[in-house]
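Take these sequences, add in the hints, and give me the full structure.
Chains as they are written, first to last, in this note's numbering: chain A, 1 to 221; chain B, 222 to 442; chain C, 443 to 659; chain D, 660 to 876.
Where hints are given, some of them may not hold.
[What the hints assert, rightly or not] Below, simulated BS3-like cross-link-like pairs (lysine-lysine); rule was C-alpha separation at most 25 Å, straight line:
{"id": "1", "chain 1": "C", "residue 1": "Lys445", "chain 2": "A", "residue 2": "Lys21"}
{"id": "2", "chain 1": "B", "residue 1": "Lys286", "chain 2": "C", "residue 2": "Lys500"}
{"id": "3", "chain 1": "A", "residue 1": "Lys114", "chain 2": "D", "residue 2": "Lys797"}
{"id": "4", "chain 1": "C", "residue 1": "Lys513", "chain 2": "C", "residue 2": "Lys453"}
{"id": "5", "chain 1": "D", "residue 1": "Lys797", "chain 2": "C", "residue 2": "Lys572"}
{"id": "6", "chain 1": "A", "residue 1": "Lys186", "chain 2": "D", "residue 2": "Lys797"}
{"id": "7", "chain 1": "B", "residue 1": "Lys242", "chain 2": "D", "residue 2": "Lys662"}
{"id": "8", "chain 1": "D", "residue 1": "Lys789", "chain 2": "A", "residue 2": "Lys168"}
{"id": "9", "chain 1": "D", "residue 1": "Lys797", "chain 2": "A", "residue 2": "Lys168"}
{"id": "10", "chain 1": "B", "residue 1": "Lys407", "chain 2": "C", "residue 2": "Lys580"}
{"id": "11", "chain 1": "A", "residue 1": "Lys141", "chain 2": "C", "residue 2": "Lys445"}
{"id": "12", "chain 1": "B", "residue 1": "Lys389", "chain 2": "C", "residue 2": "Lys580"}
{"id": "13", "chain 1": "D", "residue 1": "Lys670", "chain 2": "D", "residue 2": "Lys717"}
{"id": "14", "chain 1": "C", "residue 1": "Lys574", "chain 2": "B", "residue 2": "Lys389"}
{"id": "15", "chain 1": "D", "residue 1": "Lys791", "chain 2": "A", "residue 2": "Lys114"}
{"id": "16", "chain 1": "A", "residue 1": "Lys142", "chain 2": "D", "residue 2": "Lys797"}
{"id": "17", "chain 1": "C", "residue 1": "Lys572", "chain 2": "D", "residue 2": "Lys789"}
{"id": "18", "chain 1": "D", "residue 1": "Lys806", "chain 2": "B", "residue 2": "Lys363"}
{"id": "19", "chain 1": "B", "residue 1": "Lys335", "chain 2": "C", "residue 2": "Lys574"}
Since the hints were derived computationally from the structure, they do not count as laboratory data.
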Amino acid sequence: MAVDAKVAKEIIAKRVAMELKHGQLVNLGIGLPTLVANYIPKDVYVTLQSENGMVGMGPTPEAGKEDRHITNAGGQYVTINNNGAFFDTAMSFSLIRGGHVDITVLGALEVDEKGNLSNWIIPGKLVPGMGGAMDLVTGAKKVIVAMQHTAKGDLKIKKACQLPLTAKGQVDMIVTELAVMEVTEKGLLLKEIHKETTVDEVIKLTEADLIIDENLKVMDL
Amino acid sequence: MAVDAKVAKEIIAKRVAMELKHGQLVNLGIGLPTLVANYIPKDVYVTLQSENGMVGMGPTPEAGKEDRHITNAGGQYVTINNNGAFFDTAMSFSLIRGGHVDITVLGALEVDEKGNLSNWIIPGKLVPGMGGAMDLVTGAKKVIVAMQHTAKGDLKIKKACQLPLTAKGQVDMIVTELAVMEVTEKGLLLKEIHKETTVDEVIKLTEADLIIDENLKVMDL
Amino acid sequence: MNKVVDYSVIKSLLRDGMTLMIGGFLGCGTPEGIIDLIIEMDLKNLTVICNDTSFVDKGIGKLIANGNAKKVITSHIGTNSESGKRMNEGSLEVELSPQGTLIERIRAAGSGLGGVITPTGVGTLVEEGKEKILLNGKEYLIEMPLKADVALVYASKVDPFGNCYYQGTTRNFNPIIALAADTVIVEAEEVVEVGQLNPEVVMTPGVLVDYIVKGDF
Amino acid sequence: MNKVVDYSVIKSLLRDGMTLMIGGFLGCGTPEGIIDLIIEMDLKNLTVICNDTSFVDKGIGKLIANGNAKKVITSHIGTNSESGKRMNEGSLEVELSPQGTLIERIRAAGSGLGGVITPTGVGTLVEEGKEKILLNGKEYLIEMPLKADVALVYASKVDPFGNCYYQGTTRNFNPIIALAADTVIVEAEEVVEVGQLNPEVVMTPGVLVDYIVKGDF
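Spelled out as C-alpha cells, the structure:
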C-alpha cells in the first residue's frame with residue numbers, strides 16, 4: 001500500500017478520532033495529532049486541552065480575528081469555546097499528570113512492543129526538548145501514538161526503542177495508515193489493518209513482533 | 222505589676238503593632254493577636270492575610286452589611302480592602318510556607334528559650350488541632366508569640382516546652398504585658414520591660430533563663 | 443452537555459463507608475444541601491476529609507454530631523464539641539494534618555504527585571510514622587496523597603458544563619478537592635447559562651465535574 | 660502603595676550573572692519591554708528559567724540569540740535554532756526539565772516545599788543524577804526546587820499595588836514565577852486603578868509584586 005503523506009495522515013487522524021468518547025478530555029499533540037480534531041463525529045462532544053493553559057480549545061480564528069492573548073501549545077492563534085477555561089501551567093499539568101486527561105495523542109520517532117516511546121531527542125542531532133510530552137505520556141489515562149508506519153523506509157515500531165525514552169511502558173495504542181495495534185502484556189496486538197494493505201506487509205514494515213488478533217478487522221473509516 | 226487581662230492584652234497588642242513595618246504581609250492569629258490590627262500606626266501600611274483565603278483583609282463589616290461569602294480564619298464575617306485578593310487554600314499556604322508572610326503573631330500555651338512553641342494540644346484534655354499554626358510558624362519570616370506572661374500563676378515561658386510542639390525553634394520574639402524577649406542562639410534575651418515591672422519580677426515569672434540586654438529599655442507604648 | 447441533576451440522583455451516588463472530601467472553612471463554602479441529604483439518608487462509616495469539623499449545627503459539623511463519620515482527616519476539630527467528645531469515646535477516629543499539608547496532600551493526589559515534601563511538622567508529633575528526607579541540608583517530612591471516592595464541592599456559580607466560580611472566601615478547599623475524587627458533585631448557589639462565565643475567571647474547569655445540583659442557600 | 664516605576668528603575672535592578680525567571684509560552688505572555696531592556700543593557704552570564712526559548716526574534720528567544728544567557732533551564736528549545744546551535748558550540752548550557760516538572764519545581768520553591776515527587780521522567784534520561792523514591796509501590800523522581808533572583812512577569816492588567824490579571828493563555832508561568840523570586844517585576848499591558856480589579860479575579864496578589872512597569876504592547 002503506497003499512499004502519500006497527506007493521505008496517510010488523513011487515514012490516521014480519522015482512525016484516531018474514532019477512539020474519542022463523548023465527554024472526554026483530550027490533548028492532541030502538535031502536527032499530525034492536531035488533525036484528529038477535524039474528524040471528531042458530530043455527536044461526540046470532547047473537550048480539547050492545550051497544555052499552555054486552557055480546556056475547551058476551539059477552532060483557528062478567522063483571519064483578522066486573532067487575539068494575541070490566546071494561543072495553543074504550538075504558539076498558534078486559537079479560540080476558546082464558551083464553556084472553556086483558562087488557567088496557569090501548574091493547573092494545566094495537574095490535569096495532565098493527575099490522570100484527568102482521558103486521551104493524549106502524540107507522534108513518535110520510535111515506539112516499541114513494551115509501550116516505550118521516544119519522541120523528544122536524537123542525541124547529537126536534534127535536541128528540541130520534551131516540552132509537556134513526558135508528563136502527558138506519564139499522566140494521561142490512554143496514550144495513542146499517531147504516526148506514519150515508517151519514516152523514509154526506516155521501521156519506527158521497534159522491538160526496543162534505541163533512542164532515549166519519553167516514558168517507559170505508557171503507550172496503549174499505535175495508529176498508523178496501515179494498522180491499529182494495541183500494547184498488551186504479551187506484546188503488540190495487531191487489531192486492524194487498512195483495506196489496501198495485508199498482514200504480511202504490516203509485519204514486514206514492523207520491527208516488533210506482532211500478535212495477530214483472532215478478530216482482526218479492516219479499519220472502518 | 223498587676224493588671225487585668227484586658228489591660229494586659231492591650232499592652233501586648235500595642236507593643237506587637239510596633240514590630241510591623243510598612244509594606245509587610247502579616248498574619249494575625251485568632252484571639253489576642255487579632256487586637257494588634259487596632260494599633261497599627263496610620264503611616265504604616267500592612268497587608269493582613271487570613272489563611273482561609275485572602276490578603277487585604279479589612280475591618281469587621283457594619284451590622285447588617287455582612288456578606289456570608291467573606292469570613293476570616295475564625296469563621297467571623299470580615300471585609301476585604303479594594304487592593305485585596307481571594308484565593309484557594311493551596312495558594313494561601315504557598316504564601317505562608319513559602320516565606321511570603323513577613324510576620325505571624327500567635328498565642329502560646331508554652332514557649333521556650335530555644336524558640337520552641339506549643340499551642341495546639343494538651344494531650345488527654347484539649348485537642349483542637351493545629352489548623353494552620355504549624356505551617357505559619359514554620360514558614361513565616363518572623364514569628365512573634367503574643368501572650369500574657371503567665372496563665373493563672375503558671376509560668377508559660379519555659380526552659381523547655383513540656384507540651385507537644387507546634388514547631389521546633391521557629392519563634393523569634395515573645396511579647397507579654399511585662400516584657401519583650403528575643404530568641405537568640407545563646408537563649409532568651411530580655412530587651413524591654415514594662416515601666417511598671419522590674420527585671421526581678423520578670424525573672425521570677427519566667428522559668429527560662431533570661432539574658433539581660435545591656436541596652437535594656439522600657440517599652441515605649 | 444448538561445450535568446445538572448436533582449438530589450435524587452445525588453442520593454444514588456452516595457453510600458455507607460465512602461470516603462468523602464467536602465469543601466468549606468468553618469462552614470463557609472460548604473454544600474449544605476448535600477450535607478442535609480447525607481443526614482437524611484443516615485449514611486454510616488464515612489471517612490470525611492475536610493479542613494475542619496465546623497460547628498455542631500453547621501456544615502460538616504452536622505455529620506459529626508449525627509454520627510455519620512467513623513473517621514475524619516482534618517486540621518482542626520476545636521470548634522465542634524462533638525468531635526472531641528466522640529474522639530474521646532472512641533466512636534470517631536481523628537487524623538490531624540496541618541492545614542497547609544492537608545491541602546497539598548489533596549493537591550498531590552489530584553495532580554499525580556507521589557507525595558508532599560514539607561518542613562511543616564518536623565520535630566513535632568506530626569512526624570510520627572512518616573518518612574523523613576534531608577534535602578539541601580534541611581529536614582522535611584514526606585506526606586502521602588489523599589484521594590476520595592466523592593468530592594462534595596460548593597460553588598457560588600456554576601454553568602451546566604460544570605465550570606465553577608467561587609465568591610469571596612468560599613473558595614478554600616473546593617477547587618482542590620475537585621481534582622482528587624473519582625466523582626465530583628457540585629452544589630451551587632446559582633446555575634448560570636453556558637457562556638455566562640468568562641473562561642478567564644473559571645476557577646474549576648467543568649471537565650472535572652460530574653454532577654451539578656442547585657442548592658438552596 | 661504605588662509600585663509603578665519607569666524602565667530606568669528596572670534597569671537598576673538587573674545585573675550580569677543573575678538568575679531570572681521569565682513568563683511566557685512561545686512568546687505569549689512575555690514581558691517584551693524588559694527583554695528589550697536586557698538586550699540594550701547587554702547583560703551577560705544570565706541563567707534563565709522559562710518554559711521554552713521561544714523564537715529567534717520573539718520574547719526570551721531574543722536573549723538567547725543575543726548571547727545574554729550562559730544557561731537556560733527549560734522544557735523546550737526546538738523552536739529557536741540559536742538555542743541548539745549555541746548548545747552544540749558550548750556557549751549555552753541547557754538543562755531540560757519536563758514542563759510539568761519544571762513548573763512544579765518553581766512552585767515548590769515559591770511554596771516552601773523541599774522538592775517535587777513526580778512519576779514523570781522515570782526510566783528516562785531525566786532521572787540521571789536524581790534521587791528516586793518508592794511510595795506505595797510506585798517509583799518517583801525527587802526533583803529539586805528552582806528559585807530566582809528576579810522574576811519578570813507579564814500581566815494584562817495590574818493595579819498600582821501589584822494585583823495582576825492575565826488574559827487568555829498569557830497566564831502560563833507568570834503567577835507561579837511570581838512566588839519564587841527575591842524580586843518580582845511586572846510589566847503590564849494596562850495599569851488600572853486600585854479597586855478596578857475584583858479581588859475574586861486577581862490571579863497574582865499584589866503582595867508578591869515589588870515593581871511595576873507599563874509596557875508597550
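Here is how each hint holds up against the structure:
A C-alpha spacing of about 17 Å is found between C/Lys445 and A/Lys21, which places the hinted pair at or below 25 Å, so the restraint holds. Using a Cα cut-off of 25 Å, the hinted pair B/Lys286 and C/Lys500 holds, with the two alpha carbons roughly 21 Å apart. Straight-line distance between C-alpha atoms of A/Lys114 and D/Lys797 comes to about 18 Å, which keeps the hinted pair within the 25 Å bound. Between C/Lys513 and C/Lys453 the CA atoms are separated by roughly 21 Å; this keeps the pair inside 25 Å, and the hint holds.
Using a Cα cut-off of 25 Å, the hinted pair D/Lys797 and C/Lys572 holds, with the two alpha carbons roughly 17 Å apart. Using a Cα cut-off of 25 Å, the hinted pair A/Lys186 and D/Lys797 holds, with the two alpha carbons roughly 22 Å apart. For the hint pairing B/Lys242 with D/Lys662, the CA-to-CA distance comes to about 16 Å; that is within 25 Å, so the pair holds. Taken as a hint, the D/Lys789 and A/Lys168 pair is honoured in the structure, with Cα atoms around 17 Å apart against an allowance of 25 Å.
A threshold of 25 Å between alpha carbons decides the hint, and for D/Lys797 with A/Lys168 the separation of about 13 Å falls inside it, so the pair holds. At most 25 Å may separate the alpha-carbon atoms for a hinted pair to count; B/Lys407 and C/Lys580 meet this at roughly 22 Å. With a C-alpha separation of about 22 Å, the suggested pair A/Lys141 and C/Lys445 falls inside the 25 Å cut-off, and the hint holds. Of the supplied pair hints, the one linking B/Lys389 and C/Lys580 holds, its CA atoms being roughly 13 Å apart against a limit of 25 Å.
A hinted pair counts as satisfied when its Cα atoms are at most 25 Å apart, and D/Lys670 with D/Lys717 qualifies at roughly 20 Å. About 15 Å separates the Cα atoms of C/Lys574 and B/Lys389, which keeps this hinted pair within 25 Å; it holds. Taking the CA atoms of D/Lys791 and A/Lys114, the gap is near 22 Å; set against the 25 Å cutoff, the hint holds. Restraint check for A/Lys142 and D/Lys797: the C-alpha separation of about 19 Å stays at or below 25 Å, so the hint holds.
For the hint pairing C/Lys572 with D/Lys789, the CA-to-CA distance comes to about 22 Å; that is within 25 Å, so the pair holds. Of the pairs offered as hints, the one joining D/Lys806 and B/Lys363 holds, with about 21 Å between alpha carbons and a cut-off of 25 Å not exceeded. Distance hint between B/Lys335 and C/Lys574 is fulfilled; the C-alpha atoms sit about 22 Å from each other, no more than 25 Å.
Taken one by one, the earlier hints all hold for this structure without exception.
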